[in-house]
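Novice: Here are the chains, one letter per residue:
Protein chains: 2
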Amino acid sequence: MKKIINDPSTVVVESLRGLALAHADILRIEEDPALVVRTDAPVAGKVAVISGGGSGHEPLHGGFVGLGMLHAAVPGAVFTSPTPDAVQAAVTATASGAGALLIVKNYTGDVLNFETAAELAEADGVEVRSVIVDDDVAVKDSTYTAGRRGVGGTVLLEKIAGAAAERGDSLDAVEALARKVIGQVRSIGVALTPPTVPHAGEPSFTLADNEIEFGIGIHGEPGRERIAAEPADALLERLVDAVVTDLPFADGDKVLLFTNSMGGTPLLELYLAHGIAERLLGERGITVERRLVGPYITSLEMQGISLTLLKLDDELTELWDTPVNTAALRWGI
Amino acid sequence: MKKIINDPSTVVVESLRGLALAHADILRIEEDPALVVRTDAPVAGKVAVISGGGSGHEPLHGGFVGLGMLHAAVPGAVFTSPTPDAVQAAVTATASGAGALLIVKNYTGDVLNFETAAELAEADGVEVRSVIVDDDVAVKDSTYTAGRRGVGGTVLLEKIAGAAAERGDSLDAVEALARKVIGQVRSIGVALTPPTVPHAGEPSFTLADNEIEFGIGIHGEPGRERIAAEPADALLERLVDAVVTDLPFADGDKVLLFTNSMGGTPLLELYLAHGIAERLLGERGITVERRLVGPYITSLEMQGISLTLLKLDDELTELWDTPVNTAALRWGI
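Line by line, the protein sequences give chains A and B. For the first sequence, counting from 1, position 177 maps to 177 in the working numbering; every step adds exactly one. For the second sequence, counting from 1, position 213 maps to 213 in the working numbering; every step adds exactly one.
Calculated from the structure, these hints are not laboratory results. There's no promise every hint is true.
One copy or two, either will do: identical chains are not told apart, so a pair holds if it fits within one copy or between any two.
Unchecked claim - Subject to a maximum C-alpha distance of 25 Å in a straight line, what follows is the list of computed SDA-like cross-link-like pairs (lysine to any residue):
(1) K254 - D25
(2) K311 - G168
(3) K2 - E237
(4) K2 - E202
(5) K311 - R129
(6) K140 - R279
Only chain A is shown next, with the shape it has when bound in the complex:
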């Protein structure tokens, strides 16, 4: 294993220090427990939108802390859920009187620890709601999951829920909106190479030279099937078909298409994939009205991509377009 680290046990906190130095105008960090918090939190009168999960998926979630998106992120160890007390500390650091929404990706450890944290925070007198993202259509259950996994839809939800909180929506309203987004977002991923977790020191799985994992999870969990590598046109058709037929998305739908790099994919390939995906959606009568292309929910250095489709309406489009100022997403600022 070759990595630019000092010690696997300090990699997360050392990385957070760099994040804080690079973006001191947007966020601050705490080290014990590890937190990433908006510099202006708590924001009076606004619902605090909080997410978190294992590290190794950067810029998720710390890179999405800032105006118009998350109020705090709770990074666990690499591919490990954050503890309940860390999540509770994030609520304490950001909740004003308007309550807090926890955005939880559907992994067993995250669900349990965020649930406990919500109980602790409620005992402190903060009104807390939780939503669970389970947008990955690849498999029904998975290595760390009862039910579907939460993947790329989380990024879109964090933007839209953050925008709703910013405009002053009530906790009820932000929660309802979050549930609506979760209901109409779907994702699928594919891996060409495995990631290497620092404390493991070896690749998480092995793929043959001509083999790819269709339906990969963001921790390198197995997907639907291992298949032979294929040309981009065929691969994108496979990915688009899996997502579109699930909701299903239909002729006439307007969507946000999020073409995500799993971390190690060259941007040259990512934009190529995005272009094909847009074309294939167009052929099905689905109009791409908004796009996000880049490495936004990753699995360390894993090569691969995921596609996320969110069915848009006027409200969601408007909330997507509002200003955001985070380390990873910035517009209207």
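Put chain B on the given structure of chain A with help from the hints.
Specialist: For chain B alone, coordinates are given in the frame of chain A:
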């Protein structure tokens, strides 16, 4: 080789199509010859700032086309210089009466082809100036280079020259400013893994499991030496020392620190490296006043990083801070 492509011969143009679909508000493309052009070009009364070079370094240069940065980018085949007629076409597409500045990275093919293009454009009646970026302190000459290579400093120069053009500086003034930036910017890189060029089909070089290439070039060219992998603190000290002692940067200097991913480096490691670099510069009395952290000049999926230091003064800081609206960099918009 596993890549998300259809055919090595069409990868650049297919990728450009995706870029154009994703960012139609900012740029348009031409396919023959391949160009990326600001939607509002030519911009009346403003110097056209143009760059280009081999593809495979995305988001360089097409990702930097837009308000406040490049007016056009000329992508060659992967790791291959664009042809003179393509560069000439970029000048024709963007030059208003104010002339054009060509930003050329110091590689033999680029220098020759941009020089020929400048002559062709001058024959067409456009006033053209060229500047050559040679900021890489790693080696004196290199595989594709007489003199030092042009690397990360190019990104910073494109922002600052673009800002000067946007505020209406004359061609003389933009050129003088570009030469000033080139005079006070220095870079060094390191690779942990090689890239794989699509039409080659095999990794560009081989490194042992515990070996890294110190002073790597952005095409995988050899650097200063192959060394054993070392902890991040030691590696960053080595990188910082190489850059700081070259100009040299001195106690009391104010700088922009650009911590760049070569493509495949996890963001977790990149921010960790950035944090260490800031600390080491501080220990030398060098104040980091601006930062850029991310994959901005890459070598396909190569894992590794580069550090670029630009000595700042009030003028450069002010130009860095002006609004920019490109696929890869966006602020103040």
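Novice: Name the hints, by number, that the structure is in violation of.
Specialist: 6
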